[in-house]
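Working from the sequences, and respecting the hints, build out all of it.
Line by line, the protein sequences give chains A and B. Residue numbers for the first sequence follow numbering that gives the first Met the number 0, so the first one is 0 and each next one is one higher. Residue numbers for the second sequence follow numbering that gives the first Met the number 0, so the first one is 0 and each next one is one higher.
Hints were generated in silico from the structure; no laboratory data involved. There's no promise every hint is true.
Stated by the list, open to error - As a list, the in silico EDC-like pairs of lysine to aspartate or glutamate whose alpha-carbon atoms are at most 20 Å apart: (1) B:5 to A:253; (2) B:5 to A:249; (3) B:5 to A:111; (4) A:5 to B:114; (5) A:5 to B:20; (6) B:5 to A:29; (7) A:5 to B:81; (8) A:5 to B:220; (9) B:375 to B:322; (10) B:5 to A:114; (11) A:5 to B:249; (12) A:5 to B:325; (13) A:375 to A:29; (14) A:5 to B:322; (15) B:341 to B:379; (16) A:5 to B:189; (17) B:375 to A:189; (18) B:341 to B:111; (19) B:5 to A:115; (20) B:341 to B:114; (21) B:5 to A:220.
Stated by the list, open to error - So the derived list for chain B, only partly shown, Cβ under 7 Å to chain A, looks like this: (22) 52; (23) 254; (24) 261; (25) 262.
Note that beta-carbon positions come from the ideal geometry of N, C-alpha and C, so glycine has one too.
2 protein chains.
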Amino acid sequence: MAIELKSSRLVQSIPRSGIREIFTLAETLENVIHLEIGEPNFDTPPHVIDAACSALRSGATRYTSNAGILPLREAIAARISERTGRSVSPDRVIVANGAVGALYLAAVLALERRDEVLIPDPCWPNYLGMFRLVGAEAVRYRQRPENGFLPDLGNLQELVSSRTKALLLNSPSNPTGSVIPMEKLSGLVEFAESNGLYVISDEIYEDIVYEGEFASVLECDYQSGTLCVSGVSKGYAMTGFRLGYIVVPDRLVDGSRAVIESVAGCITTVSQHAAISALSGPQDGIRERLSAYRNKKQIVLDTVGDTGRLLGRLQGAFYAMIDVGERVGGSMQFAKDLLQEKAVAVSPGITFGADWDHTVRISYAVADEQLRSGLKAMLEFLEPQGGN
Amino acid sequence: MAIELKSSRLVQSIPRSGIREIFTLAETLENVIHLEIGEPNFDTPPHVIDAACSALRSGATRYTSNAGILPLREAIAARISERTGRSVSPDRVIVANGAVGALYLAAVLALERRDEVLIPDPCWPNYLGMFRLVGAEAVRYRQRPENGFLPDLGNLQELVSSRTKALLLNSPSNPTGSVIPMEKLSGLVEFAESNGLYVISDEIYEDIVYEGEFASVLECDYQSGTLCVSGVSKGYAMTGFRLGYIVVPDRLVDGSRAVIESVAGCITTVSQHAAISALSGPQDGIRERLSAYRNKKQIVLDTVGDTGRLLGRLQGAFYAMIDVGERVGGSMQFAKDLLQEKAVAVSPGITFGADWDHTVRISYAVADEQLRSGLKAMLEFLEPQGGN
Numbered sequence: 000m001a002i003e004l005k006s007s008r009l010v011q012s013i014p015r016s017g018i019r020e021i022f023t024l025a026e027t028l029e030n031v032i033h034l035e036i037g038e039p040n041f042d043t044p045p046h047v048i049d050a051a052c053s054a055l056r057s058g059a060t061r062y063t064s065n066a067g068i069l070p071l072r073e074a075i076a077a078r079i080s081e082r083t084g085r086s087v088s089p090d091r092v093i094v095a096n097g098a099v100g101a102l103y104l105a106a107v108l109a110l111e112r113r114d115e116v117l118i119p120d121p122c123w124p125n126y127l128g129m130f131r132l133v134g135a136e137a138v139r140y141r142q143r144p145e146n147g148f149l150p151d152l153g154n155l156q157e158l159v160s161s162r163t164k165a166l167l168l169n170s171p172s173n174p175t176g177s178v179i180p181m182e183k184l185s186g187l188v189e190f191a192e193s194n195g196l197y198v199i200s201d202e203i204y205e206d207i208v209y210e211g212e213f214a215s216v217l218e219c220d221y222q223s224g225t226l227c228v229s230g231v232s233k234g235y236a237m238t239g240f241r242l243g244y245i246v247v248p249d250r251l252v253d254g255s256r257a258v259i260e261s262v263a264g265c266i267t268t269v270s271q272h273a274a275i276s277a278l279s280g281p282q283d284g285i286r287e288r289l290s291a292y293r294n295k296k297q298i299v300l301d302t303v304g305d306t307g308r309l310l311g312r313l314q315g316a317f318y319a320m321i322d323v324g325e326r327v328g329g330s331m332q333f334a335k336d337l338l339q340e341k342a343v344a345v346s347p348g349i350t351f352g353a354d355w356d357h358t359v360r361i362s363y364a365v366a367d368e369q370l371r372s373g374l375k376a377m378l379e380f381l382e383p384q385g386g387n
Numbered sequence: 000m001a002i003e004l005k006s007s008r009l010v011q012s013i014p015r016s017g018i019r020e021i022f023t024l025a026e027t028l029e030n031v032i033h034l035e036i037g038e039p040n041f042d043t044p045p046h047v048i049d050a051a052c053s054a055l056r057s058g059a060t061r062y063t064s065n066a067g068i069l070p071l072r073e074a075i076a077a078r079i080s081e082r083t084g085r086s087v088s089p090d091r092v093i094v095a096n097g098a099v100g101a102l103y104l105a106a107v108l109a110l111e112r113r114d115e116v117l118i119p120d121p122c123w124p125n126y127l128g129m130f131r132l133v134g135a136e137a138v139r140y141r142q143r144p145e146n147g148f149l150p151d152l153g154n155l156q157e158l159v160s161s162r163t164k165a166l167l168l169n170s171p172s173n174p175t176g177s178v179i180p181m182e183k184l185s186g187l188v189e190f191a192e193s194n195g196l197y198v199i200s201d202e203i204y205e206d207i208v209y210e211g212e213f214a215s216v217l218e219c220d221y222q223s224g225t226l227c228v229s230g231v232s233k234g235y236a237m238t239g240f241r242l243g244y245i246v247v248p249d250r251l252v253d254g255s256r257a258v259i260e261s262v263a264g265c266i267t268t269v270s271q272h273a274a275i276s277a278l279s280g281p282q283d284g285i286r287e288r289l290s291a292y293r294n295k296k297q298i299v300l301d302t303v304g305d306t307g308r309l310l311g312r313l314q315g316a317f318y319a320m321i322d323v324g325e326r327v328g329g330s331m332q333f334a335k336d337l338l339q340e341k342a343v344a345v346s347p348g349i350t351f352g353a354d355w356d357h358t359v360r361i362s363y364a365v366a367d368e369q370l371r372s373g374l375k376a377m378l379e380f381l382e383p384q385g386g387n
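This is how it looks when you write it as structure tokens:
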């Protein structure tokens, strides 16, 4: 007699992303303005494409070592040293399948079943799935627009329990656009150290900062407890190359390689060569793209800034949280209605945390004209009488 | 007061691969003949490289859906239908980071902590890490050279417990080269079904079969419990593209996509386009490579066949288990000594299972001349007096 087959409870407990739900719905419609997905609207730099093709033609089609090829890990270490003023050994760099793969590796390294991890509220919903898969529980710490969407040490202290094992930081932040300044970051890292917590720092938007200076956890002294994640996806418009990385403490290098061997083998070889080209080649593209994002940010400020609906300050990344008020059916229904009525796709706030059902997140990494019309259509939908 | 940081016990429990240990040691020496690693010694077909470059230049540099682009999933489904005579919906195909990523996905889908999974003895050591990471226990079932290294139903029946949730099959087999014929496979799948077990079938060497015909679990009726893994790495010499896939039952499609979203996001976009070219383009390369492997197999038979040291029959894949006898320090010491004395790298049998410490595994996917000299040097090392 056959027993009914189940799939793992962990898999069943992964929450669906509201971003993806709207994206999937939007794919069934025509001429949609996509303000829901977080993907740079730039092309990968041509010299990176050339380097990738040239690598493919010279036989970069075989396995690499689990952690990634040494020249890439050296290029990553060099970039980190240049930015943080601290030297990082290439051995501590582990290449992963995008920042997603690097964050999942961090979860596997730092957490066991029933451990708790402190995550921002609001936050990118995909963190939940990663932590669920390792059986850990995510506990949300408060970030509020009136405090620039920054973490609050008092609140963090209240949330720490004997089961807490890690603190997740995300600066520049998806979905809020906030950037944690160095002074604040030092305090957060000290808090983690004094409580024996790992710091998992998602720094994938490090290249996209408009105000002040980006601060990395790798600038802090607590290297033994720091798992720092970044990649080339956002800064170099290379999302499809799936090239992220994590910097781990020395003692976790062997374990990290073993995990990559077990879940991926290694990362696509041509992507590793493309990333070397991106990191070692001309860097003006970063400045040019940053300047273009800054213009787009200005379009958001010009369009929504005066409505009282824009939450927080847009200091980095390319997201903005917008207050749409309490609505029947909440933010998911609002996003669906907006999509049907105005062909504008936005992400429902509820997917970033239960307290954010009165908001939506927009990504402004789209063409200026699209951005302008999309925002205008959304405001019209919000105030159909025409305002005044 | 800071608490000492540990990394997850699961990570610490991943066994090191003896293959990798020898490979790492071999990298420190010069002019080594590599018979330890399982990588085709062919170049990726030129039309696949062309397709990859052309895709990169047309902007295949962005995210794809979690499961992979539809044209690729259609190409995979078409290939499966052609080979198995059964139609498989492209929805059931999930693209992963190599067969490794697909196998890890299977482990996450089918198994929970403390579940048991039946795995072959001997087997590829990386299975252990995957199953450890999900907290499952691997229980080895017997495969012996005197029975052509095939699974034994009586033995499997003895090993099933209330905790057993899955049966792992691997045909053509790494490390034994055995191929499970259809009649045997049917019995194994019926055994799994009647015990309510998932069948996780690693079919990555499906294109490399010399005797009889390859049989896939997808030809059997038990689709609701079958997780079938393959990829383009071995058949098309595309290991560095990291393009594997898994066919899952309908009810696990959503869960599979959620797992990929949480551990990888999606798979490298250019690799997906390259795989379409491999699967849809001319297929003569497969026959040509098979014929070349057949010659290499003959070199193994000519060199080792008469010594009584060759275990099993070489029906598929490109591996052979060779009896080196009980030795002081076991197979790992033997492999290290052989590497130091003769500059020939082989994989120690112990890494494939505790009962195999009197063996080594060779991969014959190397240039004919290297293969001949490597085997000859190993035999000389084994019988230094010159034989007779």
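Now for the hints, and whether the structure bears them out:
1. B:5 to A:253: holds (14 Å)
2. B:5 to A:249: Satisfied, since the Cα-Cα distance of roughly 13 Å is no more than 20 Å.
3. B:5 to A:111: holds (10 Å)
4. A:5 to B:114: Within the cut-off at roughly 12 Å; holds.
5. A:5 to B:20: Distance of about 37 Å is beyond 20 Å: violated.
6. B:5 to A:29: violated (51 Å)
7. A:5 to B:81: Given that 20 Å is the threshold and the Cα spacing comes to 30 Å, the pair is violated.
8. A:5 to B:220: It holds: about 18 Å lies between the C-alpha atoms, which stays within 20 Å.
9. B:375 to B:322: holds (15 Å)
10. B:5 to A:114: holds (12 Å)
11. A:5 to B:249: Status holds; Cα separation ~13 Å.
12. A:5 to B:325: violated (44 Å)
13. A:375 to A:29: holds (19 Å)
14. A:5 to B:322: violated (42 Å)
15. B:341 to B:379: With Cα atoms ~9 Å apart, residue 341 (chain B) and residue 379 (chain B) stay inside 20 Å; holds.
16. A:5 to B:189: Holds, because 18 Å separates the two Cα atoms, which is no more than 20 Å.
17. B:375 to A:189: violated (61 Å)
18. B:341 to B:111: violated (45 Å)
19. B:5 to A:115: holds (14 Å)
20. B:341 to B:114: violated (44 Å)
21. B:5 to A:220: Roughly 18 Å separates the two Cα atoms, so the pair holds.
22. 52: holds (4 Å)
23. 254: holds (4 Å)
24. 261: Since chain A brings a Cβ to about 3 Å from residue 261 (chain B), closer than 7 Å, the hint holds.
25. 262: Where the cut-off is 7 Å and the nearest Cβ of chain A is about 5 Å from residue 262 (chain B), the hint holds.
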